[in-house]
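**Q** Take a look at the letters that make up each chain.
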Amino acid sequence: MDNNLIVSTSPHIRDPINTRRIMCQVIAALAPVTIYALVIHGLPALWVLLASIAGALLGEFVMEKGRRMPVTLDDCSALLTGLLLALTLPPLLPWWIAGVGGLMATILGKQIFGGIGHNLFNPALVGRAVVFVSWPAYFAAGYAKSAAIGIANTATHKSIEAAVDIVNGASPLAAMKTIYDGAAKAPQGLFGSSYYRPLLFSNPWGCLGEVSAILLVLGGVYLVVTRVIDWRIPVVYLGTVVCLTAVSGRDPLFYTLAGGLLIGAIFMATDYTTSPLARRGKIVYGVGLGVVTWLLRGWSNNPEGVMFAILFMNALVPLIDRYILPRRYGQVKKAEEVAQA
Amino acid sequence: MRVTSRLLGRIRGGVHPPGNKDFSADAAIRELAAPSTIIIPMHQHIGAPCTPRVKKGDEVYVGTVIGDSDSYVSAPVHSSVSGVVIQVAPQAHPTGGEVLAVLIDNDGEYLGDPSLAVPGPWEDMEADEIRQGVRDAGMVGLGGAAFPTHVKLSPPREHPIDTVILNGAECEPFLTSDYRLMLEQPEAVLEGLRIIMRAAGAARGIVAIEDNKPQALKVMAMANRGGGIEVTPVATRYPQGAEKVLIASLLGREVPSGGLPMHVGVVVNNAGTAHAIARYFSTGMPLVERVVTVTGSVVREPSNLMVRIGTSFSAAIEACGWFTEPPGKVLMGGPMMGLAQYTLDVPVIKGTSGILALSRGETEYSIPSEPVCIRCGRCVDACPMGLIPTYLASYAYSEKWDAAARLNIEDCFECGCCTYSCPTKNPLVQLIKTGKKELARRKKRLESQASKVAASGREGEGGNG
Ligand code: SF4
Ligand code: SF4
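Taken in order, these protein sequences are the chains called A and B. Under this note's numbering, the first sequence has 164 at position 163, and the numbering climbs by one with no breaks. Under this note's numbering, the second sequence has 1337 at position 438, and the numbering climbs by one with no breaks.
Incorrect hints may appear among the rest.
One side of the interface only, derived from the structure: several residues of chain B facing chain A at Cβ under 7 Å [as the list claims (entries may be wrong)]:
| hint | residue |
| --- | --- |
| 1 | Ser1156 |
| 2 | Gly1227 |
| 3 | Lys1228 |
| 4 | Pro1234 |
| 5 | Met1235 |
| 6 | Val1271 |
| 7 | Cys1272 |
| 8 | Ile1273 |
| 9 | Arg1274 |
| 10 | Met1284 |
| 11 | Gly1315 |
| 12 | Ser1320 |
| 13 | Gln1329 |
Here are a few chain A residues that face chain B, going by a calculated C-beta distance under 7 Å [claimed, not checked]:
| hint | residue |
| --- | --- |
| 14 | Ile7 |
| 15 | Thr10 |
| 16 | Pro12 |
| 17 | Ile14 |
| 18 | Asp16 |
| 19 | Ile23 |
| 20 | Gly331 |
No wet-lab data here; the hints were simulated from the structure. We treat Cβ as the ideally placed atom computed from N, Cα and C, and that holds for glycine.
Assemble the whole structure, with the sequences as input and the hints as a guide.
**A** Below, the structure is given as C-alpha cells:
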C-alpha cells in the first residue's frame, strides 16, 4: 500500500470555501429584495430580470467558447452579474435593452479583460453604464406610474406622488435635488423625511433593487456575518457619504436610503476583483467612493452618482493596491533599527 | 493560582481549521515497546549533520552518543536502545530523501550507558554548564522545527533575554502530544521552563496555552501555584504557536524582519522540549524518546505514544491498531505544515510531533492547473506576516524575482494560511516556497561572485606589490 500514498507539500487541508459557494451566498443575500421587486413592479420587472441574466450568461458562454477557454457558467459569477445588473435597471425598461446590458456586462465588463479576476471595472456596472448612456430616457422619469399594488400605493405614496407630479414624477433623488438646488419648479411641502418610510419598506420610484432599503441592509449583514464581504467598504463608504451630506446641510438619512447607494455600497463596491485586496486599501477606497458620490450627487446634472463613483474608483484600485499595503509584521521595528543605525 | 485572565493573543491573520483534537485528546500517553530494529538518522535538526561515532558491530546502550558534530549549530544523537550496530548507511528520512543513519539491533534490555550521570542540581549550575548539558543531551525544539536548543539559549551579550515563553499552544489541528504532557506531567514541564530561564538569564516565564484547552490551563496553573510563572491563555487560532506570532500575542513585541526572537529579548521553547530538559537534569538520560500523537480519521485507535527515537512509523501505527481503511496521505506533523511520507519505513525523529493519516476523501481537493485569483483578499487577511500572498505567488509563478523580493517574500514562514484560505485553491505557499528558494540561490551566487571578485582583487594587489 505504500505506493498509493499521496505525496504533496503542505498545507494538506483546505477551507471548503469556493468561488461558486461565495457567488451563491451573494445571490441568496439578494434573493429577498429581488422577489420583493417582482412583487412591487410585477411582470415588466420579471422580463428585465430574465433578459439581463440571460444576456450575462450568453455573453460569458460565447466569449469563453470563442477564446477556447473552459466555460465557467457553473461558478455562478455570470448569473450574479446578470442579477446585479437587473437590480440596477428601471422596471419599465424594454426587456431587450436589459438583454443588451447583460451581454455588455460579461463581454465588455469581464471577458475582454481575460475573465474572472482580471477585469478592472465592475461588470454589472459596465453593463448598466452602456444602457444608461445609450437609453438615458428610461432612467430619467416615470417610475411612479408602475406602482400598481397596495403595499407601494398607500396614502403616503399618494401624497408624495401628488407633490412630485410637478416635476414629472421624478425619482426621490431627482425630486429632492430640485428642492436643494432651489429650482423654480420644485415640489412644495416635500422633505427628505417624507421619503423615509417608502424608501425603507416599499419604494416604487426607482430601479428594481431600490424597492426596500431594509432588505438590502439585511442582505449586507448576512454577507458580513458569513464573512463573504468585509464590513469596511460599505461602512466606510456610507459613513463618508453621511458625514459629507450632513456637513453640506442636506438630509443624510435620505441620501443614504435613496437611489443606488445601498445596493452599490453593499453589493457593487465590495466586488472582489474590482476592489482593493488589503483592509487598509479598502478603507481608502471607501472614503474615495463616498467623496466622489457626494460630489457627483451634489454638483453634477445627474441626481445619482453611485455608478460613476464606483467605476471611477475601480480605475484607481491598481494604484491603491500598489501603495496601500498591509502593515507587515516587524516592519516598524525594522524602521526603528534603521533609524538607530 | 495565576491564570492571567486578560485574553491577550488576538493575533492578526491566521485561520480556523477544524481542531480535530478529539481523536486523541483523552488518550493517556502510553509507552511503546521499541521494535527489533531501530534506525537513527544522523541529521534530525536544523544545522550541520552529525558524523557517526560508531561502526558496524559496535555495542551501544541507551544514551550512547552515536553521532556528533563539531559545528556549533548541531546536536548529538544518541542510541535509544541497547544492542549492536548492524549497519551505517543512508536510509529513507521523514523530511524527504535519504540520510545517513545508524541501524541498531535492539536487544530488548534497555541498558543505560554506563557513562551517563545525573548532572548536578541545576539550581547550583552556571548558565554555561546548563547550556552544555542541554547540548550534550541532544536537545532540539520538539515542536517540529528541531532547532538546537543550546543555540537558542546562548544569546549574544548585546541581546539580553528577559522573557522565556513556553509554547503550549499546539495550534496545529489533530496534535495532542504537548497537551497530554502538560496534563500528565505539569511539574516536569514547569521545571524545564525554570531550567531554561536560568540558562537564558531571564526573570520572566510565560506558559502560553490556547484557550481551547481549559483542562491544560487549569492543571498547569495548579502545578504552578506560588511558582511565579505566568500561565496564560491565548486565542485559538492557527498559527498561534509560531514563535513570531506568539511573541506578538503575548508581549506585543515584533521580531524584526529577518531577525530572531532573541533580538526582542525573548526565547520561545516548546512544552515538550522543556519536559525533556527537566528529565535530563533529573535522570541524566539524554533525548532518546518523545511523545508522538498517532491520529487521524483512518487510524483505528488514535493514541499518544512515548516512542523511542528511531522507531519506524509503521511500528507506531501498528501499536494503534493500524488503519481502518487505506489512507490517502500519511504526514509527519499536523495537516498545516506536516510532511507527506511516501513510505512508512521512515523512523520517528526528534522533530516528530505526530503521525497523521488522512483518508482519501480528506485529501481530495482540486488544485487548478493555472492559478486563478478572484482577488477576494482572503489570503491577505490570513497572512500573519502582513504579506500579500497572491502577488508573491504570481510573481514566483511568472519568475519576477525582484518584484517578489520587493514585497518581502523572504518574510514568509510557510505557515500555509494563505493556501488554506483560498477559495480558488491556488497553491500559494507552494509557489512562494519555490520563489524563496530561487531568491536564496541567487543571493548565494551573488555572494560567491562577490567574494571571488574580492579574492582576485587581492591577488592583483599582491602581484602589484
Ligand atoms: S505568505 Fe507565508 S506567512 Fe503569509 S500566510 Fe502564506 S505561508 Fe503564511
Ligand atoms: S485567497 Fe485566492 S482568490 Fe483570494 S485573493 Fe488570495 S489568491 Fe486570490
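**Q** Evaluate each hint against the coordinates.
**A** How the hints compare with the structure:
1. Ser1156: holds, 5 Å
2. Gly1227: Holds, because the Cβ-Cβ distance from B:Gly1227 to chain A comes to roughly 5 Å (cut-off 7 Å).
3. Lys1228: holds, 5 Å
4. Pro1234: holds, 4 Å
5. Met1235: holds, 5 Å
6. Val1271: holds, 6 Å
7. Cys1272: holds, 5 Å
8. Ile1273: At 5 Å from the nearest chain A Cβ, B:Ile1273 passes the 7 Å test, so the hint holds.
9. Arg1274: For B:Arg1274, the interface hint holds, since the closest Cβ of chain A sits about 5 Å away, which is under 7 Å.
10. Met1284: Status holds, d = 5 Å.
11. Gly1315: holds, 3 Å
12. Ser1320: holds, 5 Å
13. Gln1329: holds, 5 Å
14. Ile7: With a closest approach of 5 Å, the A:Ile7 hint holds.
15. Thr10: holds, 5 Å
16. Pro12: holds, 3 Å
17. Ile14: Holds - the Cβ of A:Ile14 comes within 7 Å of chain B, reaching about 4 Å at its closest.
18. Asp16: Holds. Min distance 5 Å.
19. Ile23: Holds. Min distance 6 Å.
20. Gly331: holds, 5 Å
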